[in-house]
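**Student:** Residues per chain, in single letters:
2 protein chains.
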Amino acid sequence: MIPKIIAFDADDTLWHNEPYFDEAQAKFCELFADYASKQEILQLILSHQVKNLPLYGFGIKAFTLSMIDSALELTSDQISGQGIKKIIDIGRDLLQKPVELLPEVEEVLKQLKGKYKLVVATKGDLKDQHRKLHDSGIGHYFHHIEVMSDKKELDYEKMLSRLDIKPEDFIMIGNSLKSDVLPVLNIGGHGYHIPYHTTWEYEKIDFEIQHDNFKSLEKITDVLPILLQ
Amino acid sequence: MIPKIIAFDADDTLWHNEPYFDEAQAKFCELFADYASKQEILQLILSHQVKNLPLYGFGIKAFTLSMIDSALELTSDQISGQGIKKIIDIGRDLLQKPVELLPEVEEVLKQLKGKYKLVVATKGDLKDQHRKLHDSGIGHYFHHIEVMSDKKELDYEKMLSRLDIKPEDFIMIGNSLKSDVLPVLNIGGHGYHIPYHTTWEYEKIDFEIQHDNFKSLEKITDVLPILLQ
Numbered sequence: 003m004i005p006k007i008i009a010f011d012a013d014d015t016l017w018h019n020e021p022y023f024d025e026a027q028a029k030f031c032e033l034f035a036d037y038a039s040k041q042e043i044l045q046l047i048l049s050h051q052v053k054n055l056p057l058y059g060f061g062i063k064a065f066t067l068s069m070i071d072s073a074l075e076l077t078s079d080q081i082s083g084q085g086i087k088k089i090i091d092i093g094r095d096l097l098q099k100p101v102e103l104l105p106e107v108e109e110v111l112k113q114l115k116g117k118y119k120l121v122v123a124t125k126g127d128l129k130d131q132h133r134k135l136h137d138s139g140i141g142h143y144f145h146h147i148e149v150m151s152d153k154k155e156l157d158y159e160k161m162l163s164r165l166d167i168k169p170e171d172f173i174m175i176g177n178s179l180k181s182d183v184l185p186v187l188n189i190g191g192h193g194y195h196i197p198y199h200t201t202w203e204y205e206k207i208d209f210e211i212q213h214d215n216f217k218s219l220e221k222i223t224d225v226l227p228i229l230l231q
Numbered sequence: 003m004i005p006k007i008i009a010f011d012a013d014d015t016l017w018h019n020e021p022y023f024d025e026a027q028a029k030f031c032e033l034f035a036d037y038a039s040k041q042e043i044l045q046l047i048l049s050h051q052v053k054n055l056p057l058y059g060f061g062i063k064a065f066t067l068s069m070i071d072s073a074l075e076l077t078s079d080q081i082s083g084q085g086i087k088k089i090i091d092i093g094r095d096l097l098q099k100p101v102e103l104l105p106e107v108e109e110v111l112k113q114l115k116g117k118y119k120l121v122v123a124t125k126g127d128l129k130d131q132h133r134k135l136h137d138s139g140i141g142h143y144f145h146h147i148e149v150m151s152d153k154k155e156l157d158y159e160k161m162l163s164r165l166d167i168k169p170e171d172f173i174m175i176g177n178s179l180k181s182d183v184l185p186v187l188n189i190g191g192h193g194y195h196i197p198y199h200t201t202w203e204y205e206k207i208d209f210e211i212q213h214d215n216f217k218s219l220e221k222i223t224d225v226l227p228i229l230l231q
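Chains as they are written, first to last, in our numbering: chain F, 3 to 231; chain P, 3 to 231.
There's no promise every hint is true.
Note: identical chains are not told apart, hence a pair may lie in one copy or across any two.
[As the list claims (entries may be wrong)] The calculated BS3-like cross-link candidates involving lysine-lysine, where the alpha carbons are at most 27 Å apart (straight line), are:
| id | residue 1 | residue 2 |
| --- | --- | --- |
| 1 | K160 | K99 |
| 2 | K29 | K40 |
| 3 | K29 | K154 |
Hint data in this document are derived by calculation from the structure and do not stem from the laboratory. Please read these numbers as outputs of a predicted model, since none were measured by experiment.
Assemble the whole structure, with the sequences as input and the hints as a guide.
**Tutor:** See the structure below:
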């Protein structure tokens with residue numbers, strides 16, 4: 003059966019993202035190099051991000067607030083107003099990064115367009131993801147963008163019911179096994195993994211996936227022989 | 003022609019919201035009472051919110067970051083880490099407020115359910131609006147929730163194209179003439195206004211609307227004689 007909707011993850015699947023976050027975190031680590039090692043600071047930011055997830059969700063505003071929490075902890079609340087400003091600027095800078103498409107993305111979309119309903123399915127800040135899709139110049143290949151508050155089974159189920167489509171007619175393509183593949187397989191959909199060279203610590207899993215609906219690919223063009231057959 | 007989709011704004015249409023923001027802002031004003039009058043501080047927060055809109059969008063995380071910007075300006079960057087923490091707590095507190103339905107909301111939804119496709123169409127933080135719809139206990143009346151990054155003409159057009167519906171088959175019901183009514187009328191849809199006792203400064207307009215597709219109502223039950231005829 004031919005799936006009716008193909009959803010692409012956005013960050014690190016359609017365009018580069020994680021390197022910008024890495025760069026932002028490196029700047030933060032430099033600011034507080036007197037207080038802790040880079041490794042310790044990265045661990046601290048991650049712990050605040052995970053703690054804040056239930057209230058803040060994903061995205062750059064949440065990341066900015068988690069950096070502020072981390073700075074307060076690192077300095078025992080002795081951070082200056084100037085320091086806070088620098089952190090806010092790291093966040094604002096991230097929100098204005100250029101959108102750089104990954105290789106061959108547009109070529110693949112061009113070939114799939116018209117044959118499937120294509121959507122973008124991503125986490126993060128609503129405004130920021132809309133901005134990035136707009137700036138990417140590839141918005142016209144997609145029927146629409148779904149910004150999800152999380153990518154767990156329930157979130158995908160809600161999305162599929164909103165789109166009035168059965169899980170078996172749905173393929174999710176993305177770089178995160180944890181967010182783009184596993185939950186989709188678990189609800190009966192298809193998950194294709196295309197690795198990106200760096201993965202956010204939070205998205206890592208430490209086991210192998212074996213499933214009839216799972217495809218482990220190397221690059222985005224690998225979807226074409228499967229989807230155009 | 004009977005419209006096929008009825009969209010309800012959420013904050014101050016389905017449940018109370020603005021009073022929580024007013025309370026949060028009052029707390030902020032108290033923290034900085036030594037620096038400026040309440041009126042001046044409220045004006046300052048609003049100016050930072052409007053300045054930040056293009057990058058941050060709407061919602062409580064954006065509001066928190068705008069409060070921090072305001073505090074930095076008020077104190078000429080001399081704010082303490084403790085002060086920053088208090089501001090972050092004001093934001094976190096807002097994200098955990100109970101959801102209090104407005105009178106008769108559930109009664110109205112009960113009567114419309116099955117006769118129309120009902121959706122929630124709201125701005126704000128993705129995660130927070132999903133949380134509120136869940137906590138409200140009225141989620142099952144709706145086909146789904148649309149969290150919009152803004153409520154301008156283009157945002158509504160995108161939503162209608164995603165829902166595969168024509169503007170003339172769409173009614174938007176809400177408390178903001180600026181966000182819920184005007185843009186919808188402008189793209190050919192129907193807009194019903196139900197005022198709330200207090201309106202965010204940003205949402206105010208200073209002219210009267212006259213339009214065939216516009217209805218100015220007093221309370222949510224006023225939609226029933228129109229929609230159930």
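**Student:** All hints are to be evaluated individually against the structure, with a verdict given for each.
**Tutor:** Okay, the hints, checked on the actual structure:
1. Within a single copy, K160 and K99 get their C-alpha atoms only as close as 31 Å, which misses the 27 Å cut-off; across copies the closest is 24 Å, which meets it.
2. With identical chains, the CA atoms of K29 and K40 are at most 27 Å apart within one copy only, with a shortest distance of 10 Å there and 36 Å across copies.
3. Taking the shortest alpha-carbon separations for K29 and K154, neither the intra-copy value of 31 Å nor the inter-copy value of 36 Å comes in at or below 27 Å.
Hint 3 alone, counting from the list given before, is not met by this structure.
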